[in-house]
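Given the coordinates of chain X, assemble chain V onto it according to the supplied hints.
Residue strings, one per chain:
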Amino acid sequence: MKVADNINPNIYEKGSAREISKTDLDEDLKDDFDQREIFDIIRNICDPEHPLTLEELRVVEENNIVIDNKNNTVHVYFTPTIPHCSMATLIGLSIRVQLLRALPSRFKVSVEVTEGTHVSEHAVNKQLADKERIAAALENNNLVQIINQCVKSV
Amino acid sequence: MDPIWFKEDLADEIIKQSYIFNETQSIVTDIVCDRIDITKIVENMAGVLTHRDAENREKGMRFFTKLLKDLPQSYLNQMQVNFISKFYIDRLKDNHRVIPAVLEGYLAIMDMKNYEIKLCGEYFNILFREIACQSQLRQDRLNIYLTVQKVLEKDIDYLKSLGPDFVFGLISSMDGERDPRNLLFLFNFLPNFLAHIPLGHLVDEMFEVISCYYPVDFHPSPDDPAAVSRDDLAKALCPCLCGAQEFGEQCLVLLIEKLDSSLRVAKLDSLRLLTESCKKFKPETYSPFLKALWSSIYREISHKTDEEIKMAAHEALSALVANLATSHNTDQSFENFVKGIIISMQTSVAESTTVAQFVHATRVLLSVANSSKESCIIVARSMIPAIISYYEFKTSAKLQVASLEFIGDLYDLAKHWDVLNDLEKQANEIIPLCLTSVSEPTKEHQMAGFKTVIKTIHALKPDLVLPFVEILIHIVQHSEDDDLLLISIGTTNAIARKYPELIMDLVVKGKCNMDNIMSDKTNLQKRLNLLSNLASIDDFTKVILEEMLKIITLDEKNAYNIVEALNTSLSNASLYTEEKVTQIESDHGLIDSILSWLFKEIKSASEESLLHGYTLISNTVCSLPGDKQILILARHSPNIIEKCQSEDVYFPLLECLYRSLHQNINDPTFDDILKLSLKNALTSKSVFVRTRACCLVAHILNKAEFGQTFEMLYELLKNYLASCSKDNEDICSPLIHLYGWIVKALILRGSDVFTFWLQKILLTITNPECCKDGSEAIRLIMTDQPDSLNSRLHCRTSILYKQRIFQAFVTMSSKLGPFDGETKEAYLLSWAYVLEKAPKTVLNIEAAQIMPLLVDALEYDNKDLLVVMIDVLTHFVLMKNLLVAQSFQTILPRLVKLSEYVKSMDVRIKSLQCLYEIANAYKTALLLPYKTDLLFDLAPSLDDKKRLVRNMAVRARTRWYLVGAPGEDKTE
Chain X
1 MKVADNINPN IYEKGSAREI SKTDLDEDLK DDFDQREIFD IIRNICDPEH PLTLEELRVV
61 EENNIVIDNK NNTVHVYFTP TIPHCSMATL IGLSIRVQLL RALPSRFKVS VEVTEGTHVS
121 EHAVNKQLAD KERIAAALEN NNLVQIINQC VKSV
Chain V
1 MDPIWFKEDL ADEIIKQSYI FNETQSIVTD IVCDRIDITK IVENMAGVLT HRDAENREKG
61 MRFFTKLLKD LPQSYLNQMQ VNFISKFYID RLKDNHRVIP AVLEGYLAIM DMKNYEIKLC
121 GEYFNILFRE IACQSQLRQD RLNIYLTVQK VLEKDIDYLK SLGPDFVFGL ISSMDGERDP
181 RNLLFLFNFL PNFLAHIPLG HLVDEMFEVI SCYYPVDFHP SPDDPAAVSR DDLAKALCPC
241 LCGAQEFGEQ CLVLLIEKLD SSLRVAKLDS LRLLTESCKK FKPETYSPFL KALWSSIYRE
301 ISHKTDEEIK MAAHEALSAL VANLATSHNT DQSFENFVKG IIISMQTSVA ESTTVAQFVH
361 ATRVLLSVAN SSKESCIIVA RSMIPAIISY YEFKTSAKLQ VASLEFIGDL YDLAKHWDVL
421 NDLEKQANEI IPLCLTSVSE PTKEHQMAGF KTVIKTIHAL KPDLVLPFVE ILIHIVQHSE
481 DDDLLLISIG TTNAIARKYP ELIMDLVVKG KCNMDNIMSD KTNLQKRLNL LSNLASIDDF
541 TKVILEEMLK IITLDEKNAY NIVEALNTSL SNASLYTEEK VTQIESDHGL IDSILSWLFK
601 EIKSASEESL LHGYTLISNT VCSLPGDKQI LILARHSPNI IEKCQSEDVY FPLLECLYRS
661 LHQNINDPTF DDILKLSLKN ALTSKSVFVR TRACCLVAHI LNKAEFGQTF EMLYELLKNY
721 LASCSKDNED ICSPLIHLYG WIVKALILRG SDVFTFWLQK ILLTITNPEC CKDGSEAIRL
781 IMTDQPDSLN SRLHCRTSIL YKQRIFQAFV TMSSKLGPFD GETKEAYLLS WAYVLEKAPK
841 TVLNIEAAQI MPLLVDALEY DNKDLLVVMI DVLTHFVLMK NLLVAQSFQT ILPRLVKLSE
901 YVKSMDVRIK SLQCLYEIAN AYKTALLLPY KTDLLFDLAP SLDDKKRLVR NMAVRARTRW
961 YLVGAPGEDK TE
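Protein chains in written order, with full-length UniProt numbering: chain X, 1 to 154; chain V, 1 to 972.
For the record, the hints were derived by calculation from the structure and aren't laboratory data. Careful: at least some of the hints might be erroneous.
To be verified - Here are the simulated DSSO-like cross-link-like pairs (lysine-lysine), alpha carbons at most 27 angstroms apart as the crow flies:
| hint | chain 1 | residue 1 | chain 2 | residue 2 |
| --- | --- | --- | --- | --- |
| 1 | V | K945 | X | K108 |
| 2 | X | K152 | V | K304 |
| 3 | V | K443 | X | K14 |
| 4 | X | K108 | V | K946 |
| 5 | V | K398 | X | K22 |
| 6 | V | K880 | X | K152 |
Excised from the complex, chain X in its bound form:
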């Protein structure tokens, strides 16, 4: 068995569930998408190496999400636990797949590594931005299996 890249990562506190406000319960008001909602969709994705969520490892954080309701765009920046993490692409792919399944099709989604946190950040970003490579990856059963296992607990 391959030993994980980062055997002993730092673990952080899990945030509490979003509190349900009065406006949430009001039938007539329209709730816009916000950072927190996108974060809630991806926080529970599991790390491929540890039984921990991306939130606990601080791979994704609420503040690293940019959303624009008017122009229908979502940018997610994620931070690998160590700069030479070989799983970075896989994590990015999981986030992308999850957002693809869980967001309305009007949004244009981009997933990138936070600047300066990975040795080959440009290569990873390029791969994640390439629609055809993503589509090809999702044809690969082994890969889909790993991704499905990561997003299962969401």
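Relative to chain X, chain V alone:
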């Protein structure tokens, strides 16, 4: 003619194996009646007992054994028993075929009254020499063990005198036993044996024979009807392994070895063995192993996911510490061990960055402190100061809250072990820390601080009361948060119990002085709540209540607030006991004051404020003993009844006085009151009065004594309703409402006549004009009302009444119909109310009848109906009911349609949740045909305007994506 056993032909008869084996009972009768001597019978059997064929000798012995078993145990005299015993012992040397009968027979001999225990010495001698136990059949082996057990029960001292040879014999006969039932017997028997019989030089051999089964690895065969489970065996084996102090060292070596194994059951068994062994072994047994034990236990405690192992490890640790603690005066190792644990846990506490890590470390410490008085002192002495300084340098709010909770728990343990005197210095530091915490602006800090103060109230010094009171009163006046208000009041109450004088000066006569409160109107209610809570403490009752009642009688404007505050506090039974309320009533005349206030206000005040008054009266009445209740009634009811006759607005006063009477109070005026209530229930213009009247009818019916009293009232009710129901159309709706109350009252007292009234309600559902009232009545029956028909108000209640209604409803509704449009909706709605409250397990039985209703209901545009029906559907889905799967073709499109139901987000959320659960529950093969369509249909919900709906849509859609996809691990 004499039967055969009087002749020598008996032997031949036995050889022939004929009916004779069934005749032993007659032979025994003959022997007991002295018609024949047992010697004679044996003589007649001679031919078969000494036959040269082993096969026939076996038959002879079998017959003899059967005879002995049937004989009364006290019949044979000592000489006869001796003789027969000698004969049997001699037979042990015979052919192997004969042995089973001998073993069984000897067991019967040992039970005889005149059996001398010393005879068994020779028996065992020959037995162990001549017979290899493990080559016998299962039952015969068991018989051998049973003989040993018998001797152990009869005469332990004799067994001891048999010495090591006997022990060795037993060891060799047990060695290699494989049958689970026999093993279970041995494991149950051995601890007793080991506890009494010294093993001498055979300790190692004995331990080896037992320990070879450890850890038990056994799977019962699937078709065994009375299987012995692995856990039974493992549980029984534990006490054997630590049955004798001499096993100590070997047992611990074994246990540590198995703790390090990678097998989960081995770990669990070892931890349980350790727990068990701590009850038996002396503390010094553990000294050489403590390091190894702690490192293994700690490893298991740190287990991330397996809760069962974690719990077992905690228990083992507690047991070990408790055992070691018995040597705290003589041996240093206990203290060193506990200190070692503290040091390593302090490191983990210091390193922890999340609450989970912190709690994990502190739980270990709590386990240690929980296990003995001595360890509790050591842990608390070093951990309280450590945590206090930890609180100061860790700034994360969650960790600070967790540390406060830990200190509170530790203090509780110290209280439990009664060691607070040894901890005075440390405990004094706790309250200032709480003060720091409650001074923070966040709710979490304040809540945690107050909770800890309540726990550690004994350590509160008078000089800190003032700062706490300042903060508490500030919160009471300004906080909007209910939890925080509640705990602040609780804390004030706790402080007041410890320092009544201080709180009296600072709060009751100081900050919350009545005059003061009344002049300052802001947050009046909250401060009144505080005061009415404090009034439950004896020292305060008089002062506060007198003030309050004075205001109720004099001041009209704010009396309402006081009534509300009193009502809230008095209905809290843990605060105000029945005795306390009775005392308040007799000392201060609470009911009188409230009644006169109500009389004054009844026509002007709002319904809500009056309601507080009514509830307050009924709650006070219900706490009074029967004789006091009668007095109250006698004083007030004539006047009120008279007023009611002319104006129905006074009726609620009457109702609140009568609502909570004891069952045995029987007043001749009840007839009139029932009539009056019925009249009001049907004809009053006010909905409130009608409901109160129905409620009183229900209470009177429910409480009436069984027998004549009830019959008379019931007749009266029936006659009254029969006389008025036909002619007047206005009373149709109130009448159906009243039926609902009657059904509820009757079913709660366990009376079967409720079906008559339920039938009437069901008939109304088929009528388009009043079907809505019918389903409302059903709702009323199924819902619990806080202020009526419960045991606090001395009503009869039956726990399973909802189930009975459900069953009655199922039978009755099958005869109803046909329905159209409106009535169908009301019909489904009534079903919904019944299904919503009926116990879910009962629904499963009637699934076939309910399913079509669910499917139908999904098409109606009625929010209440949809919410309940989708819930019930989801319940069936969770039960993996196949009926749901059979209607997927209809259900799924309807649910999808409901996921865009505009009028209610609840319906949208619930239908999406149901779709999610469907994907979770059923086999892939059943779901796959619908997957593509569903993924497409669920997309619009992802952009729903409500976030809560979107969240559920995300769950449902991502779950459906996994259906049949690689990586979905579904056990099918």
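So which of the earlier hints does this model not fit? Failing hints: none at all.
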